[in-house]
Amino acid sequence: MTETPAPETSERYKTLIVVLTMITTIITAIVATLQADANIRANTANRDSQYYAILASGELHRSGLQSSYDLNTFARLLLEQQTSLMMQFTALEMEQSNDKLGTALSNISALAAQARADKLASFSVFYTDPRYAPKTSDELPNGDAYLADMSKKANEIVSKQNTAADSYHKWSSKADSYVGVLTIMAIAFFLFGLAQALTGRMRLVFAIFGAVILLVSSSWAMLILVV
Amino acid sequence: MLKRLNESPRLDIFIAIIIAVVSATTAFAAWRASMVSSAAGDAIRQGLIDAVKKQTASSEDWRRTYEEAGHAQTYAVTLAQVEALENSSDKTAQAQAKNMRQYLLPSLQLVVDLTTDDKYLKSDGTYDLDQRFADLEAASPDLTELDPEASFKLSDQYSSEQRWLTVGVVLLAISLFWLALSQLSTKRSRLATLAIGAGIYLIGLVWFGLVELIFLIVRGGAL
Numbered sequence: 585m586t587e588t589p590a591p592e593t594s595e596r597y598k599t600l601i602v603v604l605t606m607i608t609t610i611i612t613a614i615v616a617t618l619q620a621d622a623n624i625r626a627n628t629a630n631r632d633s634q635y636y637a638i639l640a641s642g643e644l645h646r647s648g649l650q651s652s653y654d655l656n657t658f659a660r661l662l663l664e665q666q667t668s669l670m671m672q673f674t675a676l677e678m679e680q681s682n683d684k685l686g687t688a689l690s691n692i693s694a695l696a697a698q699a700r701a702d703k704l705a706s707f708s709v710f711y712t713d714p715r716y717a718p719k720t721s722d723e724l725p726n727g728d729a730y731l732a733d734m735s736k737k738a739n740e741i742v743s744k745q746n747t748a749a750d751s752y753h754k755w756s757s758k759a760d761s762y763v764g765v766l767t768i769m770a771i772a773f774f775l776f777g778l779a780q781a782l783t784g785r786m787r788l789v790f791a792i793f794g795a796v797i798l799l800v801s802s803s804w805a806m807l808i809l810v811v
Numbered sequence: 346m347l348k349r350l351n352e353s354p355r356l357d358i359f360i361a362i363i364i365a366v367v368s369a370t371t372a373f374a375a376w377r378a379s380m381v382s383s384a385a386g387d388a389i390r391q392g393l394i395d396a397v398k399k400q401t402a403s404s405e406d407w408r409r410t411y412e413e414a415g416h417a418q419t420y421a422v423t424l425a426q427v428e429a430l431e432n433s434s435d436k437t438a439q440a441q442a443k444n445m446r447q448y449l450l451p452s453l454q455l456v457v458d459l460t461t462d463d464k465y466l467k468s469d470g471t472y473d474l475d476q477r478f479a480d481l482e483a484a485s486p487d488l489t490e491l492d493p494e495a496s497f498k499l500s501d502q503y504s505s506e507q508r509w510l511t512v513g514v515v516l517l518a519i520s521l522f523w524l525a526l527s528q529l530s531t532k533r534s535r536l537a538t539l540a541i542g543a544g545i546y547l548i549g550l551v552w553f554g555l556v557e558l559i560f561l562i563v564r565g566g567a568l
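Heads up: the protein sequence lines correspond to chains L and E, in order.
Sequential numbering from 585 applies to the first sequence in the numbering used here.
Sequential numbering from 346 applies to the second sequence in the numbering used here.
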């Protein structure tokens, strides 16, 4: 009967440590790849969020100019309509008091104001666009629909910008976390290296510490990947 | 024979040479991945600069369009008033209209292109602001023809290449590990680890070459 010779003290657990180091290397390589990928995704999302922010500011500026023009036109139109009406009232009062010159001047003012109002109506989106124009002469233009339409495009861009910014935060956070994992894996490498240099029971103790740290960092990497 | 080969000092030198070659290749691959990453960053930077320039030009053109629109509207409204007064039977109104047409309207018309160029005049007497904006944009092609999306597309290509090159670098690093293992080993597994290391190195090398070639073609020859 032949007995299997026990390994030398200096060689014991050496293969185990080599295997653990190899596993750590492969896991580190995978985590490093994931970290690079997360970093690339964070950069792309960051770029998109900045680009959409530029587009949103441009659109807000443009819609601000347009609404300023539209509302100014509408205000001028109301003013001219009111002026025309008041001048017609004035002309009637002058006529009743037999002031012919006053009547004529008031009529001219009323005529001029009405001509200006009619022209402004053709410039006003609140009277030319069927989406906002009043359906009857008693109604007011649909201001709510106008405001909703004016901010629609800017809101769409801002929504895209928010999505990109959220994506940036998500991937940036993941990339940072992977760096944490890699740092812990470096500790595992250190412990396995120390274990390789030591002999006997201490070698096993350091190998176990290294293995525990490898397990924890691998679990953390999995958690980052899944969440 | 395998045992003799395992213990041969020539194998030690051979593995050392392979390790040196793989180390140099890995360093080169890491440098190239870093260069590609830098190129992606440059393309993003260029795209954002172009976007800001283009948007600024566009904002200025819209500002000018609406500024001119306000002046043109004043002209059109005054013209409508003049026409109404001219059609009136009142002599005073006619006299006012005559003077306004002679002195006021030409001054108002001089201020903006919208009122002087017939191509902007619409059939309802208003002005084509979109056409005016398009013409203002066309007047500064150096800014309006900037294409940030093209820079972003280029940055996406570089980023994608960087992603795949990183995989190549990892393969090379893994092969380096196996080769180092082979150098340290004295057992029969030495040749096996050497073969694995060399195999992974070759796969990494081919991978790296293919990734470079594919993206070189995609970018039309640009590094």
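Keep in mind that the hints are not guaranteed to be accurate.
Once the Cα atoms are required to be at most 16 Å apart in a straight line, the calculated EDC-like pairs of lysine to aspartate or glutamate come out as [as the list claims (entries may be wrong)]:
id	chain 1	residue 1	chain 2	residue 2
1	E	K398	E	D492
2	E	K498	L	D632
3	L	K744	L	D632
4	E	K398	E	D473
5	L	K684	E	D435
6	L	K754	L	D621
Among chain L residues calculated to face chain E with C-beta under 8 Å, some are [what the hints assert, rightly or not]:
id	residue
7	A620
8	A629
9	S633
10	I638
11	M678
12	R700
13	D702
14	V709
15	Y711
16	K736
17	K737
18	A738
What the hints contain is simulated information worked out from the structure, not anything from laboratory work.
Predicted, not measured: the structure shown is a model, and the values here were computed from it.
By construction, the Cβ of each residue, glycine as well, lies at the ideal position given by its N, Cα and C atoms.
A quick look at each hint next to the structure:
1. E:K398 to E:D492: Answer holds: K398 of chain E to D492 of chain E is near 10 Å, not above 16 Å.
2. E:K498 to L:D632: Holds. K498 of chain E to D632 of chain L sits at ~11 Å (cutoff 16 Å).
3. L:K744 to L:D632: holds (9 Å)
4. E:K398 to E:D473: Answer violated: K398 of chain E to D473 of chain E is near 26 Å, above 16 Å.
5. L:K684 to E:D435: Holds, at roughly 12 Å.
6. L:K754 to L:D621: holds (13 Å)
7. A620: holds (4 Å)
8. A629: At about 11 Å, which exceeds the 8 Å cut-off, the nearest Cβ of chain E leaves the hint on A629 of chain L violated.
9. S633: violated (11 Å)
10. I638: holds (5 Å)
11. M678: For M678 of chain L, the interface hint is violated, since the closest Cβ of chain E sits about 14 Å away, which is over 8 Å.
12. R700: Because about 5 Å separates R700 of chain L from the closest Cβ in chain E, which is inside the 8 Å limit, the hint holds.
13. D702: It holds, given that the least Cβ distance between D702 of chain L and chain E is near 7 Å, below 8 Å.
14. V709: Interface hint status for V709 of chain L: violated (10 Å vs cutoff 8 Å).
15. Y711: Check failed: Cβ of Y711 of chain L comes no nearer than 11 Å to chain E, outside 8 Å.
16. K736: Violated: closest Cβ of chain E sits about 17 Å from K736 of chain L, beyond 8 Å.
17. K737: violated (13 Å)
18. A738: With a closest approach of 13 Å, the A738 of chain L hint is violated.
The structure fails to meet hints 4, 8, 9, 11, 14, 15, 16, 17 and 18 from the earlier list, while all remaining hints are met.
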